[in-house]
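Asker: Kindly generate the complete structure, drawing on both the sequences and the hints.
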Amino acid sequence: MTRRIGLRLAYEGTRYSGWQIQPERQTVQGSVTAAIREVSGEAVLVRGSSRTDAGVHALDQVAAFTCERDFSADVWGKALNATLPADITVVAAREVAADFDPVAAARRKRYRYRIHDAAWKAVLARPFVWRWRGRLDASLMHAAAAALVGEHDFTSFETTPSTRVSKVRTIHALSVFRPALADAPGAAEVWIEVEGNGFLHNLVRIIAGSLVMVGAGRRPPEWLAEALAARCRPAAGPTAPPEGLVLVQTTLDSTAWPDSPNRSAP
Numbered sequence: 003m004t005r006r007i008g009l010r011l012a013y014e015g016t017r018y019s020g021w022q023i024q025p026e027r028q029t030v031q032g033s034v035t036a037a038i039r040e041v042s043g044e045a046v047l048v049r050g051s052s053r054t055d056a057g058v059h060a061l062d063q064v065a066a067f068t069c070e071r072d073f074s075a076d077v078w079g080k081a082l083n084a085t086l087p088a089d090i091t092v093v094a095a096r097e098v099a100a101d102f103d104p105v106a107a108a109r110r111k112r113y114r115y116r117i118h119d120a121a122w123k124a125v126l127a128r129p130f131v132w133r134w135r136g137r138l139d140a141s142l143m144h145a146a147a148a149a150l151v152g153e154h155d156f157t158s159f160e161t162t163p164s165t166r167v168s169k170v171r172t173i174h175a176l177s178v179f180r181p182a183l184a185d186a187p188g189a190a191e192v193w194i195e196v197e198g199n200g201f202l203h204n205l206v207r208i209i210a211g212s213l214v215m216v217g218a219g220r221r222p223p224e225w226l227a228e229a230l231a232a233r234c235r236p237a238a239g240p241t242a243p244p245e246g247l248v249l250v251q252t253t254l255d256s257t258a259w260p261d262s263p264n265r266s267a268p
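When you line the sequence shown up against the numbering used here, it's residues 3 to 268, in that order.
Just so you know, these hints were derived from the structure itself, not from any lab.
Every value quoted in this text rests on a predicted model; they were computed, and no experiment measured them.
Virtual Cβ for every residue (Gly too), placed ideally from N, Cα, C.
All the given hints hold, so there is nothing to weed out.
DEER-style ranges, computed between Cβ atoms: (1) Val105 / Gln24: 15 to 21 Å; (2) Arg233 / Thr257: 33 to 39 Å; (3) Val46 / Lys169: 31 to 37 Å; (4) Ala120 / Glu153: 33 to 39 Å; (5) Ala36 / Arg220: 41 to 47 Å; (6) Pro243 / Asp103: 28 to 34 Å; (7) Asp255 / Arg128: 34 to 40 Å; (8) Ala127 / Arg233: 34 to 40 Å; (9) Ser74 / Ala231: 51 to 57 Å; (10) Leu47 / Arg128: 29 to 35 Å; (11) Gly200 / Gly136: 28 to 34 Å; (12) Arg233 / Val77: 49 to 55 Å.
Answerer: Set out below in structure tokens:
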């Protein structure tokens, strides 16, 4: 008799070539799969809801695997946490339906991009921020971001070449702000938070890079709407580096994972 175990994972992506298993590369999916094998001896492949890129972090990656061992979800969570490397952890584990698919069950995802624009270096936060040398205007960035909210063709904001047939996605919310002491001269970071129903390759990182062009005064706020309408990758800004990006929350279908926990804490 088999059972399907759902996991909510958090990880620091610095050491990994992204989520998805790749030949001769260290990946998060590979590490979790290896930990499952070490715990139970079973050769299973864990499936995740998001293919985070190399260097990208997560607070709420949803994953699942099918096993034959008669371990409870609680036992699985504890055993995996005792086996996984220090930069990957199981935040929650539960038994789910046999047909539970983390990709199909995900209704929304929220990403956060952190930019450190203070005069000093982000010594402790260095693996988690993009260091920008120059003060950014977060209010201008927020105004520009409004053009991207809603259902749009985001061709300009996807890395090329791409095999995806449809570039249409819905961004439900997009905000730019300084998270603490927003009015203080020493506020050190600008955060970009994006929530949507699905994401093209590097969509959030290209949005972040484009918004920084506005915040740095290199482009006017209305330029972002023009870049969106162009439907051409060169029309938008640069791709921001991966270390500033974290998958903050995955909202699941309530029938697939009842009482889905909120993983919005930084």
